[in-house]
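> Chain by chain, the residues run as shown.
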Amino acid sequence: MILQVDKVDAYYGIGHILHGLSLNVGESEVVALLGRNGAGKTTTMRCIAGLTPPRRGEIRYKGRNIAGVSPHRVSRMGIALVPETRGIFSYLSCYENLAIARRPESRWQLEAVLERFPRLKERLTHKGRELSGGEQQMLAIARALLTGPELLLLDEPSQGLAPLVVSAVMDTIRGLRAERVSMLLVEQNANLALDLADHAYLIETGRLVTKGPARQLRDDENIRRSYLGY
Amino acid sequence: MTMHGPATAKAVQAPVGEIGGIPLPTWRWILIGGGLVILAVIPFVTKNFYIFQITLALIYAIAILGLNLLTGFNGQFSLGHSAFYAIGAYTAAIMMENMGIHYAWTLPAAAIVCFVFGFLFGLPALRLEGIYLALATFALAIAIPQVLKSSVVEHWTGGVQGIVIIKPDAPFGLPLNSDQWLYLFTVLTAIVMYVCAANLVKSRTGRALIAIRDHPVAASAMGINVSLYKSLTFGVSALYTGVAGALGAIAIAFVAPDSFTFSLAVALFVGLVVGGVASIPGTIVGGFFVLFVPNIAEHFSKGLAGAVYGIILLLIIFVMPMGAAGLGRLITGKLMKQGR
Amino acid sequence: MELFLHQVLAGLATGGIYACMALAVVMIYQAIDHLNFAQGEMAMFSTFIAWQLIQWGIPYWLAFGLTIVISFAAGVVIERVVLKPIHDAPILSHVVAFIALLAILNSSAGFLWDWTIKSFASPFGSGQFLGQNLLSKHDAGMIGVTILMLVALYLFFRHTRIGLAMRAAAANPESARLAGIRVGWMNALGWGMAAAIGAVAGMLIAPVVFLEPNMMLSILLYGFAGAVVGGLTSPGGAVFGGFSVGVIENLAGTYIPVVGREMKLSIALCIIVAVLCVKPSGLFGRPVVTRV
Chain G
17 MILQVDKVDA YYGIGHILHG LSLNVGESEV VALLGRNGAG KTTTMRCIAG LTPPRRGEIR
77 YKGRNIAGVS PHRVSRMGIA LVPETRGIFS YLSCYENLAI ARRPESRWQL EAVLERFPRL
137 KERLTHKGRE LSGGEQQMLA IARALLTGPE LLLLDEPSQG LAPLVVSAVM DTIRGLRAER
197 VSMLLVEQNA NLALDLADHA YLIETGRLVT KGPARQLRDD ENIRRSYLGY
Chain L
820 MTMHGPATAK AVQAPVGEIG GIPLPTWRWI LIGGGLVILA VIPFVTKNFY IFQITLALIY
880 AIAILGLNLL TGFNGQFSLG HSAFYAIGAY TAAIMMENMG IHYAWTLPAA AIVCFVFGFL
940 FGLPALRLEG IYLALATFAL AIAIPQVLKS SVVEHWTGGV QGIVIIKPDA PFGLPLNSDQ
1000 WLYLFTVLTA IVMYVCAANL VKSRTGRALI AIRDHPVAAS AMGINVSLYK SLTFGVSALY
1060 TGVAGALGAI AIAFVAPDSF TFSLAVALFV GLVVGGVASI PGTIVGGFFV LFVPNIAEHF
1120 SKGLAGAVYG IILLLIIFVM PMGAAGLGRL ITGKLMKQGR
Chain Z
6 MELFLHQVLA GLATGGIYAC MALAVVMIYQ AIDHLNFAQG EMAMFSTFIA WQLIQWGIPY
66 WLAFGLTIVI SFAAGVVIER VVLKPIHDAP ILSHVVAFIA LLAILNSSAG FLWDWTIKSF
126 ASPFGSGQFL GQNLLSKHDA GMIGVTILML VALYLFFRHT RIGLAMRAAA ANPESARLAG
186 IRVGWMNALG WGMAAAIGAV AGMLIAPVVF LEPNMMLSIL LYGFAGAVVG GLTSPGGAVF
246 GGFSVGVIEN LAGTYIPVVG REMKLSIALC IIVAVLCVKP SGLFGRPVVT RV
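Protein chains in written order, with the numbering used here: chain G, 17 to 246; chain L, 820 to 1159; chain Z, 6 to 297.
FYI, nobody ran anything at the bench for these hints, they're computed from the structure. One should not assume that every hint holds.
As a list, the in silico DSS-like pairs of lysine-lysine whose alpha-carbon atoms are at most 25 Å apart [stated by the list, open to error]:
no., chain 1, residue 1, chain 2, residue 2
1, G, K227, G, K78
2, Z, K284, G, K143
3, Z, K142, Z, K123
4, Z, K123, L, K1121
5, L, K986, L, K866
6, G, K23, G, K227
Stretch by stretch, here's where chain L covers chain Z in the computed footprint (C-beta under 8 Å, at least three residues) [to be verified]:
no., region
7, 79-93
8, 111-119
9, 229-240
10, 275-289
Each residue gets a CB set at the ideal place from its N, CA and C atoms; glycine is no exception.
In isolation and in its complexed conformation, chain G is listed as follows (with noise of 0.2 Å):
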């Protein structure tokens, strides 16, 4: 288990977010946290990246209990969030947006990276608030591979974006499953997440309905109508 989640309870200011919360992320495994809006999705993400520590619980990453650690220390532990809001500096150029995350010691340098995303390639120079909603979601990919994640989160990758778009991103996603990355994706799109996730959460106001393989609920007539809309 690369990480582990274990009963997590999470605020903000007085609001009750997330309770008691576990899930596992194995290695080099995709694991999908499904759920409606408002669920406490994001919420957990930020927990685990250490934005919004959790007030109760243990959030253990190879082991070792990270919960309340700082987020840039957990950053360079080898945890990589990509928020939901994408996190893109508007008026940094998309190099200095890469720049910023470059590690020595990182498994993906900026050439490889590069490579990997040719749109990003050429729009080095624009600023990225000029980047299209797509690229922005590239580059806030690219940037967090910079940082040489063990782990990889992904908070929504295809919110906000074109179908055709939504599909060049699942194939990032895919290929870095192929390469043995570890990753935490959540989606709303739950047919897409459980496409490509090992296992699945589903979670409703903060507390786990239930959990299994992912072909295992996306089968589940139920499960599928009451929570996961088709």
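For chain G, the structure is supplied; the task is to place chains L and Z on it using the hints.
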């Protein structure tokens, strides 16, 4: 899914908190009542000098209330309210000394003059946000004393020397000395102005102001004429601070350009934050802070008065980043929880 | 015509002071997204430290260097001790904290070194620049140093890793953290640098306006004005703005009859407000586009 019944005309009531079994709104009336009693008793139990000081503190509170309406409730950052205070003060002084008009009329006059000034200043200021607006208001604060000193208007303003005013006596032969009467006059004015402000904030207009502060785009999408409201708020805010200025002129019996420098604007701003932004009762704390703390600092150390003042300010910001009102909310919250 | 030229050059000379200050102001704005109202007092205090070092017999350039180092350290300390605790407080509280700093520094300087005016040596010597009666050597030196600092800062921010990290940390702290940047220390670094630049500004300005605790109050205002006119996001614009303010102030004082000495400041400010009404983000500033 169940359907709710047809919407009723009665609004859904939010649950009302309570402390020790007494609901919060009742507590509010208890505190206001207690405050009024204390205010009524003061002129008869303290020395003239303290009455004068408390009068000034209340005047500053009204000035800060004006600033609060603009900055606290409407989100327009002003570092220049000393200008409106000065205009109000000079309006009163000129009317009383140069035109021989009774002091009671100076308040509405100052109100109107300052409203117009504020509104006119608010119009070009519409285009400016945040720090740029702060700079523009700052420019106003610097300019006004210089204009008041200038030879062009010296005939009316008395130039650098200013104008001396005769302190009014109590009317109708009431058995009060000058200070006591002015105190009462100020308290009565303050009550009227505070009640108006409280009503304004709770009304639809007040909600519009707050909406503009929090999300101007959404506010205008909801049909609020943002430009008009912002300029009007500038006017009303200037009105309040101007009336305070007029009261101040009468109480101190003297106006001069150097009394209304940028330091006053800064002091009002500090008073606003210390009392609590967007809190009406907080302005009273702010007023007392502005008057008394610099004196206390000087008491501590003549040579390092400024440094002591700065340290006190920092401590307050550390301990109460949301001002006295924030602290009040914290305590109220804790007291409410204990009851459960 | 000659009067005009003379006034323009005189304006450029005083403008150099404002440009220097404006640069420090914009520096810190880039680093922390705030305007630091205590910037002038920090510069003044640094200059007093330099003065004291020189009084103790330390040679000018060594004192200059030491003062920069001390100011840098002080800036870092101020950020960590005063600003970090109130990091989450509303912005108005931050402004009050700056005001408090201003009061503390001003009062302490007066207490330690008293309120009398002192003279401060210029490293460029007295006399006229290039022998012409246009610009004094000191004014020329000041303009030169300001431009040098500008170039150095540009190179730092555009072409070094730390400069990039600082810009990122100021622009989007959360994303910066996710990229592994220690945002808190970037802020502290920004303050240190702003304090150092302020120290340089103070040491260049003091020979002209003479050293006393209140020397920076109006200069800071002009510096703000210059920075705002040029645009808070543009260091080059700030320098340009500073020079412009100096020239405008001088020309207004010379050619507009009503403007006596007392009104110069008001006129300059009025012009600045006018500029802002036409271009709300300053001449070279980046318009702040907010997503709905």
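> Flag every earlier hint the structure violates by its number, smallest first.
none
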